[in-house]
Amino acid sequence: TGGHTTEILRLLSCLSESYSPIHYIFADSDKMSEAKIRAFEQKRAETFSNSKFTLDRIPRSREVRQSWTSSVVTTLYSMLYSLPLTYKLKPDLILCNGPGTCVPVCISALLLGLLGIKRAIIVYVESICRVETLSLSGKILYYFSDYFIVQWPDLKEKYPKSVYLGRIV
Amino acid sequence: FRFKDSLAEDLRRADLVISHAGAGSCLETLEKGKPLVVVINEKLMNNHQLELAKQLHRDGHVLCCNCSTLVETLQLMDLSALKPFPPGQPEKFALFLDKVVGFQ
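Keeping their order, the protein sequence lines are chains A and B.
Numbering of the first sequence is given in my numbering, commencing with residue 1 and proceeding in unit increments.
Numbering of the second sequence is given in my numbering, commencing with residue 170 and proceeding in unit increments.
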């Protein structure tokens with residue numbers, strides 16, 4: 001959604017041609033991200049003629065401030081979509097930055113890894129908006145990601161296993 | 170106006186921006202190098218969005234006030250004291266990721 005998409009496209013902006021194909025997964029309720037992604041990929045194709053990408057939507061796993069218990073239910077529902085999708089895509093690397101959508105995708109990837117089907121590296125970048133506290137996705141994925149990147153020093157102190165590279169978006 | 174697809178044009182022409190504490194608004198304004206006064210809505214005090222506005226204020230990039238102190242802030246403000254906001258560095262992320270994945 002919105003700010004998350006803008007941030008993730010900035011993160012992708014300096015990646016080399018080797019990161020291809022890029023599979024974008026976003027919430028079905030998100031109306032604006034598709035246009036932003038297409039615009040970004042159009043520019044990327046000007047530099048890298050062989051760049052490929054796909055777009056997939058899954059049900060939104062959590063509304064802002066949705067309660068814990070109902071979030072578990074909606075996340076499980078999203079997993080009905082994210083699990084077959086992740087199985088189909090078999091990503092080598094998952095890059096996510098905090099919208100609820102990333103949780104079912106990462107859980108699916110972890111399951112596929114546990115089952116010996118495909119092991120993906122999970123890289124989580126917490127939003128630049130998070131200066132002192134982690135988002136809910138961040139709190140969950142801090143324990144399940146391979147690399148957890150924060151953009152402010154306070155968070156690096158509070159979450160010592162995180163990586164701090166300064167502001168990267 | 171109520172809603173526009175992009176404020177880029179308005180931002181380009183502005184000399185001063187007064188905004189709520191939303192991260193997108195703050196960052197977009199600072200990146201265009203415009204002076205920014207952030208108005209904080211006390212009723213949303215538990216909203217994490219305040220974290221960024223407070224940090225930007227601590228770092229001297231924006232002026233902060235609330236609805237009742239806005240007029241006074243505008244009257245007394247010294248915009249030259251605001252520090253420029255350097256852009257983020259996604260190239261650092263690319264370098265890091267290349268190492269993680271094994272492209273070197």
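Treat the hints as calculated values from the structure; they're not laboratory data.
Small disclaimer: the values here were computed from a predicted structure and weren't measured.
Certain hints may be false.
To be verified - Where chain B lies over chain A, by a calculated footprint (3+ residues, C-beta under 8 Å): (1) 44-52; (2) 67-77; (3) 103-115; (4) 122-129.
To be verified - With the C-beta cut set under 7 Å, the calculated list includes, among others, these residues of chain A facing chain B: (5) 18; (6) 20; (7) 81; (8) 85.
The beta carbon of each residue, even a glycine, is placed where N, CA and C say it ideally should be.
Checked hints:
no.	hint	in the structure
1	44-52	violated (count 0)
2	67-77	violated (count 0)
3	103-115	violated (count 0)
4	122-129	holds (count 5)
5	18	holds, 5 Å
6	20	violated, 12 Å
7	81	violated, 26 Å
8	85	violated, 22 Å
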